[in-house]
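With chain A fixed as given, assemble chain B onto it according to the hints.
Line by line, the protein sequences are chains A and B. The first sequence begins at 68 in the working numbering and counts up by one. The second sequence begins at 87 in the working numbering and counts up by one.
Since the hints were derived computationally from the structure, they do not count as laboratory data. Watch out, some of these pointers could steer you wrong.
Said to hold, decoys possible - Computed far set for chain B versus chain A, every beta-carbon distance over 12 angstroms:
#1 Ile88
#2 Lys89
#3 Gly106
#4 Val129
#5 Phe146
#6 Leu191
#7 Gly195
#8 Ile222
#9 Phe228
#10 Leu263
#11 Gly268
#12 Ala269
#13 Ile289
What the hints assert, rightly or not - Only pairs whose alpha carbons sit at most 35 angstroms apart, straight line, appear in this in silico DSBU-like list of lysine-lysine:
#14 Lys245(A) / Lys128(A)
#15 Lys128(A) / Lys276(A)
#16 Lys263(A) / Lys198(A)
#17 Lys315(B) / Lys263(A)
#18 Lys221(A) / Lys315(B)
#19 Lys221(A) / Lys125(B)
#20 Lys164(B) / Lys133(A)
#21 Lys315(B) / Lys128(A)
#22 Lys134(B) / Lys194(A)
#23 Lys263(A) / Lys194(A)
#24 Lys125(B) / Lys198(A)
#25 Lys133(A) / Lys263(A)
#26 Lys194(A) / Lys315(B)
#27 Lys159(A) / Lys315(B)
Each residue gets a CB set at the ideal place from its N, CA and C atoms; glycine is no exception.
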Amino acid sequence: MEDFSLQDKLPLIHPECPKEIEMCLTGIYKSFGEQSVHRNLNLHIERGKITVIVGHSGAGKSVLLKYILGLACPDQGEVMVDGKNIVGLGRKELYDVRANFGVLFQGSALFDFMTVYDNVALPLREKTKLKEDEIRRCVMEKLDLMGMADSIHKFPSELSGGMQKRVGLARALQRDPKIVLFDEPTTGLDPETTQKIYDLFADTQAKLKYTAVIVSHDIPKIFRIADYVAVLHQGGIQACLPPKDLTHCGNLWVDRMLSLEMEGVRGIGL
Amino acid sequence: MIKFLQNTGRFGLNHLEEHGQWGIFMMRSMRGVFTPPYKVFPVVREVKTIGFDSLTIICFTAVFTGMVLGLQGYASLKKFGSEGALGFGVAITLFTELGPVLSALLLIGRAGSSMCAEIGIMRNSQQIDALECMAIDPFAYFISPKLIASLISFPILGFLFTLVGIGGAYISGVMILGINPGAFTDGVIRAMADERLVRMCTIKCLVFGYMMVSICAFKGYSVYRQQTKGSMAVSHATTDAVVFSSVMVLLWDYLLTSLLL
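For reference, chain A alone in the conformation it holds in the complex:
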């Protein structure tokens, strides 16, 4: 058996270490029963950039997003969001922190009994005191951005997977969040739609300048839009580097993962 636990010997952070840290996970440990998921996990997320987290199934990528959202607590360690440790915060304080977040779930998590319009309007109706005509203007603006303005009366079940993601993203961006989290956003989509969705993420991120954290398996497609790629393996972040530097980082596991899964990576010039 090869020993891939080289975390201590690796250039974990890019030499041009990000100066503006939006989120910072430090010394994270987490176990479910006897299964240890994270062991001394450390990750810094730079403000206004796209950070992609990759790793094999069951590595604990989605759990990591849950720490950031306050939906799960690590057994040990700190989760700093905008300079504030959110571990152990009360419900009200957590809601204040979450007001800065937008989330796009794996299955979009649209409310199936609401129309597209009502889904996107929900955060504004529940969390602001805007009048209905102002809400309508905001909703149509976001749906226009996603190219979904002509589907406002449809229900989620009447939309394709790609369209559901667009509506999900419109809802996630509705309150102009500083941070947007994407949990395996292209699962179940065909390659062409996947690429379109990633292009949409990149476009909206460039326009709105939010900090994006994307959990994904789509290697190498996701590398096109990533500013940083964090590789999660054996309970820790093995490397967090720009995609072009990842292939030369010297981590055996990263090399093997890339050689197995990045068949076309050289073809796109990384």
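Frame of chain A, contents of chain B only:
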């Protein structure tokens, strides 16, 4: 022996944890009732789903329950020559027992099961997580309206069941079997004038309404605790919710009767 003790301990701890979570669930649901902003529309929508949409089944069951009570009551009372007491007997039976209990069991089967399945599917498809991530309290948003709607709908439907049941007994007792309508009506009015019966019916309906939401909504919300996953988990949670809340209604019916009688 050690394995038996381990299993017993694990079973006990699991149940203790589930009860603790149920307690927190109900506390958050109750807090949601009193948390602004107070929105009327979600409550009205739930009253329609739980109450209005159940009117047909409640009335249908009530009228035949009343008619059977009329027939059975007439046959029994005739032996003692006191058929005139039929209205009084039927009204007491319906007010104190059959009205609250049967309407509760019907509502558990119709509204409780759908409530559990709805919340379970929302849980499985991360819709509840989505609410949390939007900083919207899922309890205040959609559990508390169900709780308020149940506390409104159960007493109304319980009394409706009782009144329609009395109507059913009138059909079989007076119109079919020929009991004196004046004696029947007088007996019903005497029973209804007893405020203890009305109070018992109201309290039972409120308790059963609370039981239904607390169990069915909780089972749906904690669908991840099921040993199976996905649609099977929702299916098992719904079955558990209906069985457990029905049993609790019957148990609490006895306890409340012994306390309030």
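The hints, checked one at a time:
no.: 1; hint: Ile88; verdict: holds, 18 angstroms
no.: 2; hint: Lys89; verdict: holds, 17 angstroms
no.: 3; hint: Gly106; verdict: holds, 17 angstroms
no.: 4; hint: Val129; verdict: holds, 16 angstroms
no.: 5; hint: Phe146; verdict: holds, 28 angstroms
no.: 6; hint: Leu191; verdict: holds, 27 angstroms
no.: 7; hint: Gly195; verdict: holds, 22 angstroms
no.: 8; hint: Ile222; verdict: violated, 5 angstroms
no.: 9; hint: Phe228; verdict: violated, 10 angstroms
no.: 10; hint: Leu263; verdict: holds, 49 angstroms
no.: 11; hint: Gly268; verdict: holds, 52 angstroms
no.: 12; hint: Ala269; verdict: holds, 52 angstroms
no.: 13; hint: Ile289; verdict: holds, 33 angstroms
no.: 14; hint: Lys245(A) / Lys128(A); verdict: holds, 21 angstroms
no.: 15; hint: Lys128(A) / Lys276(A); verdict: holds, 23 angstroms
no.: 16; hint: Lys263(A) / Lys198(A); verdict: holds, 34 angstroms
no.: 17; hint: Lys315(B) / Lys263(A); verdict: holds, 32 angstroms
no.: 18; hint: Lys221(A) / Lys315(B); verdict: holds, 29 angstroms
no.: 19; hint: Lys221(A) / Lys125(B); verdict: holds, 25 angstroms
no.: 20; hint: Lys164(B) / Lys133(A); verdict: violated, 70 angstroms
no.: 21; hint: Lys315(B) / Lys128(A); verdict: holds, 20 angstroms
no.: 22; hint: Lys134(B) / Lys194(A); verdict: holds, 26 angstroms
no.: 23; hint: Lys263(A) / Lys194(A); verdict: holds, 31 angstroms
no.: 24; hint: Lys125(B) / Lys198(A); verdict: holds, 15 angstroms
no.: 25; hint: Lys133(A) / Lys263(A); verdict: holds, 26 angstroms
no.: 26; hint: Lys194(A) / Lys315(B); verdict: holds, 33 angstroms
no.: 27; hint: Lys159(A) / Lys315(B); verdict: holds, 31 angstroms
Checked against the numbered hints given earlier, the structure breaks hints 8, 9, 20 and satisfies all the rest.
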